[in-house]
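Engineer: Now for the letters of each chain:
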Amino acid sequence: MPEVHLIQPDGRRVTLDVPVGTSIMQAAVSAGVTGIVAECGGSCMCATCHVYADEAALGKLPPMLPTEHEMLECTASERRPNSRLSCQVKMSEELAGLSFTLPESQ
Amino acid sequence: MTDIAADVPVVDFDPFSDAFLTDPYDYHRQMRDAGPVVHIPRYGILAVARHAEVHAVLNDWQTFISSAGVGLANFRKEKPFRPPSLILEADPPQHTRSRTVLGRILSPKTVQQIRPHFQAEAEALIDRLLEKGTIDGVKELSEAYPLKVFPDAVGLTEEGRENLLAYGDMVFNAFGPNNQLLINAAKRVEPLTDWIMTNCQRRNLRPGGFGDQIYQAVESGELTEAEAPMLVRSFLSAGVDTTVNGIGNALWCLANHPDQWDKLHANPALARPAFEESLRFESSVQTFFRTASRDCELAGVPVRSDTKVLTFLASANRDPRHWENPDVFDIERRATGHMAFGSGIHGCVGQVVARLEGELILSTLARRVKRIEPLGPPVRRLNNTLRALASLPLKFHAA
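Those protein sequence lines, which keep their order, are chains A and B. 13 is the number that the numbering used here gives to position 13 of the first sequence; each next residue is one higher, with no gaps. 124 is the number that the numbering used here gives to position 124 of the second sequence; each next residue is one higher, with no gaps.
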């Protein structure tokens with residue numbers, strides 16, 4: 001099963017095995033990762049599963065729907081060009097080994 | 001009817017009967033235990049009642065579509081009773097167009113702006129109720145509050161707002177079969193249909209409100225003239241009866257579980273998780289249908305194109321395969337991942353507003369009320385889709 005790494009704001013690193021097709025958010029919530037709240041459970045409605053994609057991941061992520069683009073305007077931590085909602089990023093073989101950094105707050 | 005494989009477990013009860021709707025939980029258990037997918041021959045449909053399969057169906061919008069209707073009727077074969085919703089009963093790309101605009105209007109950012117008004121109204125209402133002491137928790141609280149704050153935010157006239165209750169009741173009954181519940185609800189709503197559509201027009205909506213913002217999206221070219229009133233209609237049909245029952249059910253859960261109420265009273269910051277847990281425990285919206293867009297397989301069961309699949313959201317929320325002690329109401333549980341707002345691209349677009357209303361009512365009650373005393377059993381209002389109360393006699397003891 002491909003892995004991704006989640007990096008906490010303090011630098012701690014959590015590695016998750018994520019089945020292809022499962023969202024990074026779901027995998028993080030199932031593993032009890034703090035820093036991903038995901039109040040809406042993955043409907044792109046709450047902006048509390050915000051992550052920053054690392055450089056290497058940027059070109060490999062699924063394209064952003066307009067709904068995600070809008071919702072990223074509502075994040076608690078600053079929106080950056082590499083901001084994504086992890087509920088909208090489904091795992092693929094391409095993403096294996098890549099990293100996402102969690103924001104200071106959700 | 002579409003053919004359904006003979007080896008799919010059959011359940012022979014009617015999920016829209018009075019007995020089922022009055023107390024669904026044992027039926028839910030029977031369906032979950034029968035298998036991941038069950039067959040309900042009475043309606044020629046398949047159903048899923050476990051968390052994993054409910055989640056799977058709702059998150060595969062390409063296979064399990066909404067444009068053929070999210071009720072029992074298949075719009076590919078039957079004429080819908082009203083013009084289909086442009087968001088609920090639509091697939092991408094139409095759904096994405098509508099959702100983008102509604103999602104922006106109902107976003108967490110907006111909610112920060114409406115919060116002070118919603119808060120002030122919650123406090124004023126609960127102060128009035130505390131003076132009375134003995135109340136009907138449904139009429140005077142769980143209906144009164146959403147009927148005030150949400151239409152205010154939409155920008156609707158003050159007059160005739162109670163029509164929204166009858167309209168919501170009819171819309172949610174209409175996702176079921178044409179049984180007596182629907183016939184009665186449709187009769188009540190018939191004289192109100194004009195009022196609903198008239199109030200979806202821009203001239204009747206306060207400038208700057210949610211309704212007016214939809215028309216602003218027409219000006220910016222994101223929506224067409226024809227789409228705007230239809231999306232305002234979505235606010236009116238989906239925005240009231242759902243939160244009315246969300247709040248009513250939460251009130252009943254807390255009145256009926258004094259140990260949980262004591263926790264909330266001691267720590268009003270638990271209001272948000274308490275509302276979330278009530279949504280899981282007594283889900284306002286119990287069910288939605290999807291329709292198979294092609295021959296496919298669901299949890300190993302072959303599904304023919306055009307088969308209606310009924311998802312039991314409320315049953316997923318009590319599935320022991322997913323939850324620990326699912327039949328225990330525990331406001332300190334992490335209830336995230338419940339299906340009460342649906343899941344996937346059709347997950348409730350108004351859920352941020354719904355959570356705001358629930359949180360504010362519960363936190364205000366927690367601060368001002370020491371004890372909620374039930375003065376008798378609640379009276380249910382049966383609805384084909386909603387878990388609803390007709391009345392809930394309560395006494396509030398001031399803190």
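No lab work stands behind these hints: they were computed from the structure. Keep in mind that this is a model prediction, so the values were computed, not measured. Note that beta-carbon positions come from the ideal geometry of N, C-alpha and C, so glycine has one too. Treat the hints with care, as some may be off.
Non-contacting residues of chain B with respect to chain A, defined by C-beta distances greater than 12 Å in every case (computed) [to be verified]:
no.	residue
1	D18
2	D60
3	P83
4	R99
5	G155
6	G208
7	P268
8	E276
9	S305
10	A335
11	A340
12	R355
13	R367
In the SDA-like style, the derived pairs of lysine to any residue whose C-alpha atoms are separated by at most 25 Å in a straight line are [unchecked claim]:
no.	chain 1	residue 1	chain 2	residue 2
14	A	K90	A	L72
15	A	K90	B	K79
16	B	K109	A	T101
17	A	K90	B	R161
18	A	K60	B	A52
19	A	K60	B	K148
20	A	K90	B	P80
21	A	K90	B	K148
22	B	K109	A	A96
23	B	K109	A	A76
24	B	K109	A	K60
25	A	K60	B	R161
26	B	K187	B	R206
27	A	K60	B	C296
28	B	K109	A	P9
29	A	K60	B	E297
30	A	K90	B	E297
31	B	K79	B	R97
Engineer: Take the hints in turn and mark each one as holding or not.
Structural biologist: Now for the hints, and whether the structure bears them out:
Non-interface status of B:D18 relative to chain A is upheld: no Cβ of that chain comes within 12 Å, the nearest being about 31 Å off. Look at B:D60: its CB is around 10 Å from the nearest CB on chain A, not clear of 12 Å, so calling it non-interface is violated. No Cβ of chain A approaches the Cβ of B:P83 within 12 Å, the least distance being about 23 Å, so the stated non-interface status holds. Against chain A, the non-interface label of B:R99 is violated: not every CB pair exceeds 12 Å, the least being about 5 Å.
Listed as outside the interface, B:G155 is consistent with that label: its C-beta sits roughly 21 Å from the nearest C-beta of chain A, beyond the 12 Å cut-off. With a closest Cβ-Cβ approach of about 19 Å to chain A, B:G208 is found to remain outside the 12 Å limit, as its non-interface label requires. B:P268, annotated as away from the interface, keeps every beta carbon of chain A farther than 12 Å; the closest lies near 18 Å. Taking the minimum C-beta to C-beta distance to chain A, about 8 Å, the non-interface status of B:E276 is violated against the 12 Å cut.
With a closest Cβ-Cβ approach of about 22 Å to chain A, B:S305 is found to remain outside the 12 Å limit, as its non-interface label requires. At roughly 10 Å, the least C-beta separation between B:A335 and chain A is not larger than 12 Å, which violates its mark as non-interface. Not every C-beta of chain A lies more than 12 Å from that of B:A340, the closest at about 9 Å, which undercuts listing it as non-interface. At roughly 8 Å, the least C-beta separation between B:R355 and chain A is not larger than 12 Å, which violates its mark as non-interface.
Every C-beta of chain A lies more than 12 Å from that of B:R367, the closest at about 23 Å, which supports listing it as non-interface. Taking the CA atoms of A:K90 and A:L72, the gap is near 17 Å; set against the 25 Å cutoff, the hint holds. This hinted pair does not check out: A:K90 and B:K79 have alpha carbons roughly 36 Å apart, beyond 25 Å. Restraint check for B:K109 and A:T101: the C-alpha separation of about 23 Å stays at or below 25 Å, so the hint holds.
For the hint linking A:K90 to B:R161, the alpha-carbon distance of about 42 Å lies beyond 25 Å, and the restraint is violated. For a cut-off of 25 Å, the pair hint linking A:K60 to B:A52 is broken: about 28 Å separates their Cα positions. This hinted pair does not check out: A:K60 and B:K148 have alpha carbons roughly 47 Å apart, beyond 25 Å. Taking the CA atoms of A:K90 and B:P80, the gap is near 34 Å; set against the 25 Å cutoff, the hint is violated.
Distance restraint check for A:K90 and B:K148: the Cα-Cα separation of roughly 40 Å exceeds the 25 Å cut-off, and the hinted pair is therefore not satisfied. Restraint check for B:K109 and A:A96: the C-alpha separation of about 34 Å exceeds 25 Å, so the hint is violated. A threshold of 25 Å between alpha carbons decides the hint, and for B:K109 with A:A76 the separation of about 10 Å falls inside it, so the pair holds. The suggested pairing of B:K109 with A:K60 is violated, with an alpha-carbon distance near 29 Å, which exceeds 25 Å.
Annotation: proposed proximity of A:K60 to B:R161 is violated, straight-line Cα distance about 50 Å (limit 25 Å). For the hint linking B:K187 to B:R206, the alpha-carbon distance of about 30 Å lies beyond 25 Å, and the restraint is violated. Among the hinted pairs, A:K60 with B:C296 is inconsistent with the structure: their alpha-carbon atoms are about 29 Å apart, more than 25 Å. A threshold of 25 Å between alpha carbons decides the hint, and for B:K109 with A:P9 the separation of about 24 Å falls inside it, so the pair holds.
Annotation: proposed proximity of A:K60 to B:E297 is violated, straight-line Cα distance about 29 Å (limit 25 Å). Our distance criterion of 25 Å between C-alpha atoms is met by A:K90 and B:E297, whose separation comes to about 21 Å. A distance of roughly 24 Å separates the Cα atoms of B:K79 and B:R97; the hinted pair therefore holds under the 25 Å criterion.
The structure is inconsistent with the numbered hints 2, 4, 8, 10, 11, 12, 15, 17, 18, 19, 20, 21, 22, 24, 25, 26, 27, 29, although it conforms to all the rest.
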